[in-house]
Structure formats: structure tokens, C-alpha cells
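Produce the complete structure using the sequences and hints provided.
Respectively, the protein sequence lines represent chains A and B. Its first residue numbered 1, the first sequence is counted upward by one per residue in the working numbering. Its first residue numbered 1, the second sequence is counted upward by one per residue in the working numbering.
These are calculated hints, taken from the structure and not from any lab test. Every clue listed holds true.
According to the in silico footprint, chain A covers these stretches of chain B (three or more CB under 8 Å from chain A):
| hint | stretch |
| --- | --- |
| 1 | 23-35 |
| 2 | 39-49 |
One side of the interface only, derived from the structure: several residues of chain A facing chain B at Cβ under 8 Å:
| hint | residue |
| --- | --- |
| 3 | L42 |
| 4 | L49 |
| 5 | C53 |
| 6 | G56 |
| 7 | A57 |
| 8 | A63 |
| 9 | L74 |
| 10 | R101 |
| 11 | A107 |
| 12 | A108 |
| 13 | R116 |
| 14 | T152 |
Going by beta-carbon spacing under 7 Å, a handful of chain A positions derived as facing chain B:
| hint | residue |
| --- | --- |
| 15 | L32 |
| 16 | R46 |
| 17 | L54 |
| 18 | V61 |
| 19 | D76 |
| 20 | P115 |
| 21 | G118 |
Note that the Cβ used here is the ideal one computed from N, Cα and C, for glycine as well.
One letter stands for each residue in the lines below.
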Amino acid sequence: VSAHTEELLRDALVSGVAAATESDDLFARVQLSIEDDRRRRLQRRRRVLVVSCLLGAIAAVVAATIDVKEGEVLMDWWILELLTNAILIGLALWLGPFIKRFGKSYAADVFRATPRTGKSYVLLMDIAYYLIFTAYILFTISFEPKGSWEDTVNAAQLQHETARIGGIVLIIGVLHGLNILSLPIIGRLFTLNRHLDEPPSARA
Amino acid sequence: VTVTYDLARVVAGLGLAAVLLAVAAWLVRTTDWRPPTEADTPELDGATLDDW
Chain A
1 VSAHTEELLR
11 DALVSGVAAA
21 TESDDLFARV
31 QLSIEDDRRR
41 RLQRRRRVLV
51 VSCLLGAIAA
61 VVAATIDVKE
71 GEVLMDWWIL
81 ELLTNAILIG
91 LALWLGPFIK
101 RFGKSYAADV
111 FRATPRTGKS
121 YVLLMDIAYY
131 LIFTAYILFT
141 ISFEPKGSWE
151 DTVNAAQLQH
161 ETARIGGIVL
171 IIGVLHGLNI
181 LSLPIIGRLF
191 TLNRHLDEPP
201 SARA
Chain B
1 VTVTYDLARV
11 VAGLGLAAVL
21 LAVAAWLVRT
31 TDWRPPTEAD
41 TPELDGATLD
51 DW
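And the structure:
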């Protein structure tokens with residue numbers, strides 16, 4: 001019985017191999033996939049290191065500029081203001097390329113019929129993004145302590161600075177969401193426009 | 001209430017922050033951040049914008 005089963009199995013495998021067509025680029029694709037995987041692992045490790053360095057730098061600045069008096073931790077108001085601005089600028093520089101990295105293939109798919117328009121759209125969105133960030137920082141920056149602030153950091157200032165960071169994250173999040181939702185409609189409109197501009201003979 | 005600064009601590013702290021920022025910048029510059037090949041967008045990248 002086992003010899004018969006073995007024979008059946010061998011026949012099935014041999015006919016399976018005979019039916020399979022050899023792929024010319026299989027080796028190259030496997031090689032690329034291994035390289036991609038290796039690169040992704042390295043990127044992940046480097047990303048953790050970069051974030052650790054940035055957090056360490058913020059901690060070092062905080063440790064250098066605080067003063068402990070009678071058990072209270074004190075910091076000049078303007079140092080927290082500067083730190084918040086630095087964090088906002090860092091967020092802008094990181095978030096822009098991060099969104100673009102994942103959004104590019106989405107835009108490429110939406111604008112597959114009009115790649116030039118797609119490229120132009122991505123570029124214009126980049127400009128809009130940095131304009132929004134710059135305007136937000138300039139609108140919310142403080143050159144002197146506000147109403148209930150003191151010369152040293154207090155709860156009111158801490159709440160204000162936290163709200164500044166939360167505010168920009170919310171604005172970019174909402175705009176990004178709207179962009180994702182409206183992009184397919186815009187892409188479709190461009191494709192339809194192009195189709196309508198073509199002479200009737202070319203459409204068929 | 002005023003904050004008093006210890007010069008040695010300020011210099012050491014800011015120096016360490018500068019070194020850490022430099023290391024972060026070096027890591028960012030020397031890493032290959034290319035997305036995986038399945039995320040390639042050759043049509044979009046290949047498109048030329050004449051006026052830019």
C-alpha cells in the first residue's frame with residue numbers, strides 16, 4: 001500500500017513540476033525582497049536611535065536649565081517657550097516626509113492617468129504643509145509671559161504649550177484626513193476632464 | 001522667584017544636547033530611507049514638471 005501511495009505521490013509531484021513554468025526574474029525578486037527586509041530592519045533600528053537621541057537632547061537641555069529651590073523645580077518661562085518652538089519645528093520636519101513617504105503610492109494610484117498632475121499635486125501639497133506649519137508657529141509664539149503666566153513655568157503655561165503641540169497635530173490630522181478623502185474625487189475629475197478633452201474618435 | 005544657573009551644568013547640558021543632535025542628524029543622513037520596492041512610484045517620479 002505504501003509503495004502505491006509513494007508512486008501516486010511521485011507522479012503527482014512530477015506532473016506538478018512539469019506543469020510549472022519557470023519565472024525568469026524569480027531569483028531577482030527574491031533577492032530584492034531580502035534586501036528590502038534587511039533595509040527595513042536597519043531603518044527601524046536607526047529610527048529608534050534617532051528618537052532616543054532627540055529625547056536625550058531635550059532631557060539634557062531641561063536638566064541644564066532647571067533650578068531646584070526648596071524642593072520646587074523652576075524653569076524660566078522663555079526656555080519652555082523655546083523648547084516648544086524647537087519641538088514644533090522638529091515635528092514639521094519629521095511629519096512632512098513621513099506623510100509623503102506613505103502617501104506617494106496613494107497619490108500615484110489616484111493620478112495614474114495623469115502622473116504629471118500627480119507630481120505637481122504632491123509638490124503643491126508639500127508647500128501648503130510647510131506654509132501651514134510656519135504660520136501656526138508664528139501665530140502662537142509668545143514674546144512675553146501671557147495673562148496668568150509667571151516668570152517661571154507654571155501650570156497655565158504648561159497647558160498652553162501642550163495645547164500648541166496638540167493644536168498643530170489636530171490641524172494636520174484633519175487636513176490630512178480631508179486630503180485622503182478628497183484625493184480620489186480630484187483624481188477622477190482630472191481623468192474625466194482629460195477624457196472629455198479628447199476628440200470622440202480617440203475615445204473609442 | 002528667580003532661576004539661578006550653574007554655568008558648568010548649563011555648558012555640560014547644552015554640550016550633551018548638541019552632541020546628541022549631531023548624532024541624530026548623522027543617523028538620518030547616513031540611513032537609506034528608501035521605501036520597499038513594492039511602494040515604488042516610477043510614473044510619478046518619472047513625470048517632468050517643465051517650470052520647476
